[in-house]
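There are 2 protein chains.
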Amino acid sequence: MISVKEAKSIILNSTQNFGVEEIPFLKSVGRILKEEITADRDFPPFNRVAMDGIAIDFSSFQNGQRAFAIEGIQPAGSPQITLQNTVNCLEVMTGAVLPNNTNVVIRYEDVIIKNGEATIQIDEIKNLQNIHIKGKDRTAGDVLIYKNKIISAAEIGVFATVGKSTIKVAKQPKVMIISTGDELVGVEETPEAHQIRRSNVFTMVSLLERLNIDSETAHITDDKPLLKSKIKNYLDEYDVLLFSGAVSKGKYDFLPEVFEELGVEKLFHKVSQRPGKPFFYGKTFSCNIFGFPGNPISTFVNCLVYFYPWYYKSVGLEIKEETAILTKDVSFKPNLEYFLQVKLSDKFGHTLATPITGNGSGDLASLVHADAFIYLPSDKNEFKKGENFPIIRYR
Amino acid sequence: MISVKEAKSIILNSTQNFGVEEIPFLKSVGRILKEEITADRDFPPFNRVAMDGIAIDFSSFQNGQRAFAIEGIQPAGSPQITLQNTVNCLEVMTGAVLPNNTNVVIRYEDVIIKNGEATIQIDEIKNLQNIHIKGKDRTAGDVLIYKNKIISAAEIGVFATVGKSTIKVAKQPKVMIISTGDELVGVEETPEAHQIRRSNVFTMVSLLERLNIDSETAHITDDKPLLKSKIKNYLDEYDVLLFSGAVSKGKYDFLPEVFEELGVEKLFHKVSQRPGKPFFYGKTFSCNIFGFPGNPISTFVNCLVYFYPWYYKSVGLEIKEETAILTKDVSFKPNLEYFLQVKLSDKFGHTLATPITGNGSGDLASLVHADAFIYLPSDKNEFKKGENFPIIRYR
Numbered sequence: 327m328i329s330v331k332e333a334k335s336i337i338l339n340s341t342q343n344f345g346v347e348e349i350p351f352l353k354s355v356g357r358i359l360k361e362e363i364t365a366d367r368d369f370p371p372f373n374r375v376a377m378d379g380i381a382i383d384f385s386s387f388q389n390g391q392r393a394f395a396i397e398g399i400q401p402a403g404s405p406q407i408t409l410q411n412t413v414n415c416l417e418v419m420t421g422a423v424l425p426n427n428t429n430v431v432i433r434y435e436d437v438i439i440k441n442g443e444a445t446i447q448i449d450e451i452k453n454l455q456n457i458h459i460k461g462k463d464r465t466a467g468d469v470l471i472y473k474n475k476i477i478s479a480a481e482i483g484v485f486a487t488v489g490k491s492t493i494k495v496a497k498q499p500k501v502m503i504i505s506t507g508d509e510l511v512g513v514e515e516t517p518e519a520h521q522i523r524r525s526n527v528f529t530m531v532s533l534l535e536r537l538n539i540d541s542e543t544a545h546i547t548d549d550k551p552l553l554k555s556k557i558k559n560y561l562d563e564y565d566v567l568l569f570s571g572a573v574s575k576g577k578y579d580f581l582p583e584v585f586e587e588l589g590v591e592k593l594f595h596k597v598s599q600r601p602g603k604p605f606f607y608g609k610t611f612s613c614n615i616f617g618f619p620g621n622p623i624s625t626f627v628n629c630l631v632y633f634y635p636w637y638y639k640s641v642g643l644e645i646k647e648e649t650a651i652l653t654k655d656v657s658f659k660p661n662l663e664y665f666l667q668v669k670l671s672d673k674f675g676h677t678l679a680t681p682i683t684g685n686g687s688g689d690l691a692s693l694v695h696a697d698a699f700i701y702l703p704s705d706k707n708e709f710k711k712g713e714n715f716p717i718i719r720y721r
Numbered sequence: 327m328i329s330v331k332e333a334k335s336i337i338l339n340s341t342q343n344f345g346v347e348e349i350p351f352l353k354s355v356g357r358i359l360k361e362e363i364t365a366d367r368d369f370p371p372f373n374r375v376a377m378d379g380i381a382i383d384f385s386s387f388q389n390g391q392r393a394f395a396i397e398g399i400q401p402a403g404s405p406q407i408t409l410q411n412t413v414n415c416l417e418v419m420t421g422a423v424l425p426n427n428t429n430v431v432i433r434y435e436d437v438i439i440k441n442g443e444a445t446i447q448i449d450e451i452k453n454l455q456n457i458h459i460k461g462k463d464r465t466a467g468d469v470l471i472y473k474n475k476i477i478s479a480a481e482i483g484v485f486a487t488v489g490k491s492t493i494k495v496a497k498q499p500k501v502m503i504i505s506t507g508d509e510l511v512g513v514e515e516t517p518e519a520h521q522i523r524r525s526n527v528f529t530m531v532s533l534l535e536r537l538n539i540d541s542e543t544a545h546i547t548d549d550k551p552l553l554k555s556k557i558k559n560y561l562d563e564y565d566v567l568l569f570s571g572a573v574s575k576g577k578y579d580f581l582p583e584v585f586e587e588l589g590v591e592k593l594f595h596k597v598s599q600r601p602g603k604p605f606f607y608g609k610t611f612s613c614n615i616f617g618f619p620g621n622p623i624s625t626f627v628n629c630l631v632y633f634y635p636w637y638y639k640s641v642g643l644e645i646k647e648e649t650a651i652l653t654k655d656v657s658f659k660p661n662l663e664y665f666l667q668v669k670l671s672d673k674f675g676h677t678l679a680t681p682i683t684g685n686g687s688g689d690l691a692s693l694v695h696a697d698a699f700i701y702l703p704s705d706k707n708e709f710k711k712g713e714n715f716p717i718i719r720y721r
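Same order as they appear, the protein sequences are chains A and B.
Per our numbering, residue 327 is the first one in the first sequence, and the count goes up by one each step.
Per our numbering, residue 327 is the first one in the second sequence, and the count goes up by one each step.
You can take every hint at face value.
Put simply, identical chains are the same to the list, so a pair is met inside one copy or across any two.
Below are the BS3-like pairs computed for lysine-lysine, each with C-alpha atoms no more than 27 Å apart in a straight line:
#1 Lys497 with Lys334
#2 Lys494 with Lys646
#3 Lys654 with Lys475
#4 Lys575 with Lys462
#5 Lys673 with Lys710
#6 Lys360 with Lys646
#7 Lys440 with Lys577
#8 Lys710 with Lys646
#9 Lys711 with Lys646
#10 Lys669 with Lys646
#11 Lys353 with Lys500
#12 Lys659 with Lys462
#13 Lys673 with Lys639
#14 Lys500 with Lys609
#15 Lys669 with Lys353
#16 Lys497 with Lys353
#17 Lys646 with Lys353
#18 Lys475 with Lys673
#19 Lys711 with Lys673
#20 Lys577 with Lys554
#21 Lys711 with Lys659
#22 Lys603 with Lys706
#23 Lys360 with Lys500
Everything labelled a hint here was simulated from the structure, so no lab data went into it.
With the sequences and hints as input, model every part of the structure.
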């Protein structure tokens with residue numbers, strides 16, 4: 327049995343590269359950027375009027391002139407015009423090109439306009455005021471966004487601005503999620519007394535949806551030849567197989583044998599953790615196999631603790647560890663690393679974690695009341711209110 | 327000009343109810359639950375074997391018996407069988423119904439099986455051990471999830487478990503996002519010297535995608551009759567209109583007049599904030615109108631600060647305020663409330679906010695380096711390292 331740290335290290339040493347694909351920019355939120363985005367021109371691309379008002383030649387103002395005949399208007403979206411006579415002014419709109427022969431903008435609030443003449447009402451004016459100078463924010467060729475960033479609304483705006491209508495992003499893995507167990511029936515079925523409905527595959531589909539990964543699901547009964555023939559095909563067709571169940575000591579827990587017979591290299595089986603101790607992990611040359619124990623919370627937390635970082639590293643994303651502060655003492659005697667569900671709250675910039683008492687790894691409903699798992703190490707048994715530990719959010 | 331607090335209060339007093347719709351459960355992640363989810367049966371629904379091993383009658387063990395002939399096997403997914411003779415045992419699998427006439431499970435690790443006989447290797451056994459008792463987690467009829475919760479993978483698992491293949495959720499608003507401004511060209515076009523590409527509508531589409539809202543976009547040139555006829559139709563067809571631009575003092579900032587002429591009730595125009603001071607908000611009997619100023623960061627932050635909470639309240643979601651701790655002193659002189667972009671990090675359970683220096687509200691690329699806005703109130707000008715203030719995350 328290995329530690330959580332060892333298990334994670336093995337998993338992070340067997341990541342895959344799924345390649346790169348180019349997609350419409352507006353479909354790229356949540357995906358991982360795989361190209362550098364550079365400025366196609368200066369930003370702003372011209373001396374840009376930053377206030378609605380009038381534009382003048384600053385030296386006229388410095389010479390004591392306060393009233394300026396309005397020569398014309400420079401709207402946003404029109405080619406640059408020229409102030410013909412520097413004793414005059416031009417009306418200018420936010421977003422317009424600053425007209426030739428002008429270098430100061432005075433906002434409407436600070437002038438009175440009457441009979442085609444604008445009279446300035448203030449005495450303090452600075453050269454270049456209310457002008458967003460060409461190239462002030464960024465210069466053509468500057469890198470605006472580096473590779474391997476997760477794309478949010480902010481990046482979408484930049485893509486649009488520089489004219490990137492398609493974007494190179496990390497391809498997503500092809501994932502099959504498989505449940506086993508003869509006690510399972512479909513969601514729409516009414517279970518017999520000894521049956522329950524399938525749920526783990528759907529929680530995993532949803533956990534993968536958070537990563538923008540589309541996945542497929544299948545159910546295989548506890549029949550070894552059937553398992554073997556189906557899994558043989560899945561190993562060829564998918565980048566990742568996520569299993570729920572059939573990895574423990576039961577008579578019908580055929581998966582470890584089936585994996586061995588199909589040439590899956592076992593990297594470990596069993597981690598000193600609760601929940602989810604019998605976790606199996608292996609690989610072939612083209613497929614990574616996560617065999618999660620079948621209890622609902624075991625599957626859920628293992629998917630977060632192991633599959634998520636494996637995926638992040640595979641697509642080149644660096645994720646910073648997050649921590650939270652316990653609001654109650656926790657005692658945990660077994661010599662195992664412990665993932666405990668917690669409700670998070672925020673107070674004065676502190677992230678607080680309140681343990682949610684469940685009834686063990688079968689009690690899926692307890693996850694409804696929590697937001698995250700807190701990771702309590704095995705080197706002690708008592709965890710005190712006020713101490714901080716790593717957390718993994720799931721909402 | 328009103329304060330941010332007044333503006334928010336007005337907005338939260340004019341929310342809408344978009345109604346309820348029923349959708350497939352697996353499509354409901356991120357949506358707001360609009361029905362109570364109850365347990366359709368006890369959980370577990372039967373006395374459930376929690377370990378692979380053997381099941382015996384506890385009294386036989388108490389009477390000193392240690393070796394038990396194996397009478398048969400109870401797999402998961404099979405109807406309950408009966409131990410015929412209490413001097414024998416049955417092999418039982420995790421997830422199986424506990425057989426009749428048994429009340430203790432001893433895991434395989436603690437027995438030796440040879441020639442059809444299991445010999446127990448431990449001396450301490452507790453009544454009912456390794457059995458997950460029927461109804462221990464939840465009783466049939468218990469409410470498992472209350473209304474108005476945002477649906478995550480945890481809730482999906484519960485829906486599946488209780489057989490809810492379709493789920494009632496809050497309907498999403500029908501939203502149109504409209505850009506104005508003659509300087510704007512399409513993302514795929516090459517702008518002339520005096521033009522820039524449209525970007526605000528796409529950042530808003532992406533910000534709404536975070537709320538699982540599909541939206542449509544349109545561009546209208548700075549032509550008052552055209553604006554009026556198009557907006558007239560949009561007011562009839564949509565629950566929400568989000569505008570970018572044309573709400574300030576420019577000669578072509580027609581929106582406030584157009585709104586008035588179309589019977590939009592103006593609830594306010596201008597908020598004492600930076601960025602985004604000229605923000606317009608109004609409504610008709612069926613539509614809410616957010617007129618955001620056109621600078622990229624103004625649009626972005628206003629959408630987060632005003633549209634998000636309006637949406638949350640409209641669908642019945644309670645959102646807790648989040649705060650973060652400044653890592654640097656910030657000085658801000660104007661008598662305005664200030665939304666400053668910050669990079670977030672985590673240390674010992676503290677959420678730290680490091681200000682990102684941009685070049686004002688036109689500098690969209692600066693948002694790439696930040697994660698959130700921190701909200702600094704207008705009642706002082708100096709904000710000290712170590713003080714905490716509310717934040718709004720956008721990634």
